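Line order of the protein sequences matches chains A and B.
Counting from 20, one number per residue, gives the positions in the first sequence under this note's numbering.
Counting from 2, one number per residue, gives the positions in the second sequence under this note's numbering.
None of these hints come from the bench; they were simulated from the model.
Please note that the accuracy of each hint is not assured.
[Unchecked claim] Quick partial rundown of chain B residues pointing at chain A, CB under 7 angstroms, derived from the structure:
| # | residue |
| --- | --- |
| 1 | I48 |
| 2 | G49 |
| 3 | I89 |
| 4 | D159 |
| 5 | R256 |
| 6 | L259 |
[Unchecked claim] Part of the chain B face toward chain A, derived, beta carbon under 10 angstroms:
| # | residue |
| --- | --- |
| 7 | S52 |
| 8 | T55 |
| 9 | R88 |
| 10 | H93 |
| 11 | V94 |
| 12 | I132 |
| 13 | R149 |
| 14 | W152 |
| 15 | V248 |
| 16 | E263 |
Keep in mind it's a predicted model, so treat the numbers as computed, not measured.
The beta carbon of each residue, even a glycine, is placed where N, CA and C say it ideally should be.
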Amino acid sequence: MSDWGYVAMAWTITVAVLVAYAVWIIVRGRSLSRRVPPEDRRWL
Amino acid sequence: MTTQRSDATTTTAAPSEPTSNAGPHPASPPAQSPAAPAATPSAEGRIGTGSRGTRILGLVTLAGIALGAYLALVSSPQDENMGDVVRILYIHVPIVSMAYVGCVLTTVASAVYLWKKSVWWDITAAASAEIAMVFTALTLVIGMIWGRPTWGVWWVWDARLTSTAMLLLLLLGYLAVRRLPSAAGTRSKRAAIVGLLLLPNVFIVNRSVTWWRSLHQGTTILNTLQPKIHDQMAITLVFAMAVVALVFAWLLVHRWRLAWLEEQVLGHDLDQAILDRRAEAGFEPGYGAAPIAQPTTPGVDAP
């Protein structure tokens with residue numbers, strides 16, 4: 020594998036993991052916030 | 002607004018309030034059924050963990066990622082020894098730095114939680130520990146990818162790599178303790194004690210290249226007396242660290258709010274379970290209420 024192959028692998032894995040983690044937080048947050056009264060989720 | 006946990010050992014502050022004051026008890030019936038959807042249009046607008054501030058932060062972060070990727074992958078020169086593989090370090094170093102920050106934040110929040118028993122700090126510790134775990138795992142994976150073309154092996158039991166792997170195990174242990182079935186206060190206290198171990202471990206990881214003979218390179222950025230890095234590489238690396246810090250901040254805010262929602266839902270579910278159980282036992286709603294129907298079988302005591 021060339022140097023750029025390793026670079027692409029590292030950057031792709033990093034972006035994929037962080038995007039997947041962010042999406043999981045957002046989706047789960049939207050799901051749970053529907054079960055909590057609005058007065059208990061007054062964000063900053 | 003503030004609430005207290007049902008085990009009466011800890012206090013919960015509102016999302017923007019790290020202080021604890023007296024307030025309604027979560028064991029009281031929830032104002033809205035846990036399964037009910039948001040009722041009003043204004044409440045619907047607040048669905049999720051986002052806010053105006055986090056949306057602005059997200060946009061700034063995305064712009065920073067784009068510019069950082071350009072600097073790291075296009076503009077920055079090759080390293081005379083590593084060649085293009087040096088471009089991996091523009092994500093490896095910032096991510097391990099923020100993993101350290103997450104661990105330190107977890108330790109600080111755990112210590113404050115043990116002192117004040119505030120759920121605000123407990124949630125902060127939990128959120129930062131989970132993000133630190135993700136960043137530490139990424140650090141190891143990216144480091145392995147960098148090590149293969151540079152050292153010729155994916156993994157070696159080097160002091161830095163081994164201590165980082167131990168840090169990952171400690172973070173996984175912290176998150177496992179948080180999921181053990183126990184009272185909320187007991188669980189948080191156990192987790193906070195584990196959280197106190199993270200800071201010493203980070204110090205060991207950071208100093209491992211100095212204390213032991215290591216294949217891993219030593220300090221570069223912080224070695225200001227004898228800088229060994231090209232100017233443009235240094236600028237790219239510092240910029241990448243700032244961008245990853247923004248990513249960390251965005252994740253921390255959203256994960257904190259998610260953990261807050263989990264606490265609220267857990268409290269509401271517990272309230273509902275208690276109400277259901279009392280209804281099954283024939284009790285009127287409310288504490289200390291007499292049973293509706295007494296046992297009629299002679300010689301059998303009430304439960």
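Status of each hint after checking the structure:
1. I48: holds, 5 angstroms
2. G49: Interface hint status for B:G49: holds (4 angstroms vs cutoff 7 angstroms).
3. I89: holds, 5 angstroms
4. D159: violated, 19 angstroms
5. R256: holds, 6 angstroms
6. L259: This hint holds: B:L259 lies near chain A, its Cβ roughly 5 angstroms from the closest one there, short of 7 angstroms.
7. S52: Given a least distance of 4 angstroms, the restraint on B:S52 holds.
8. T55: holds, 8 angstroms
9. R88: holds, 5 angstroms
10. H93: This hint holds: B:H93 lies near chain A, its Cβ roughly 7 angstroms from the closest one there, short of 10 angstroms.
11. V94: violated, 12 angstroms
12. I132: holds, 8 angstroms
13. R149: holds, 7 angstroms
14. W152: Not OK, violated: B:W152 not within 10 angstroms of chain A, min 12 angstroms.
15. V248: Holds, because the Cβ-Cβ distance from B:V248 to chain A comes to roughly 7 angstroms (cut-off 10 angstroms).
16. E263: holds, 6 angstroms
Hint compliance for this structure: hints 4, 11 and 14 are not met, and every other hint is.
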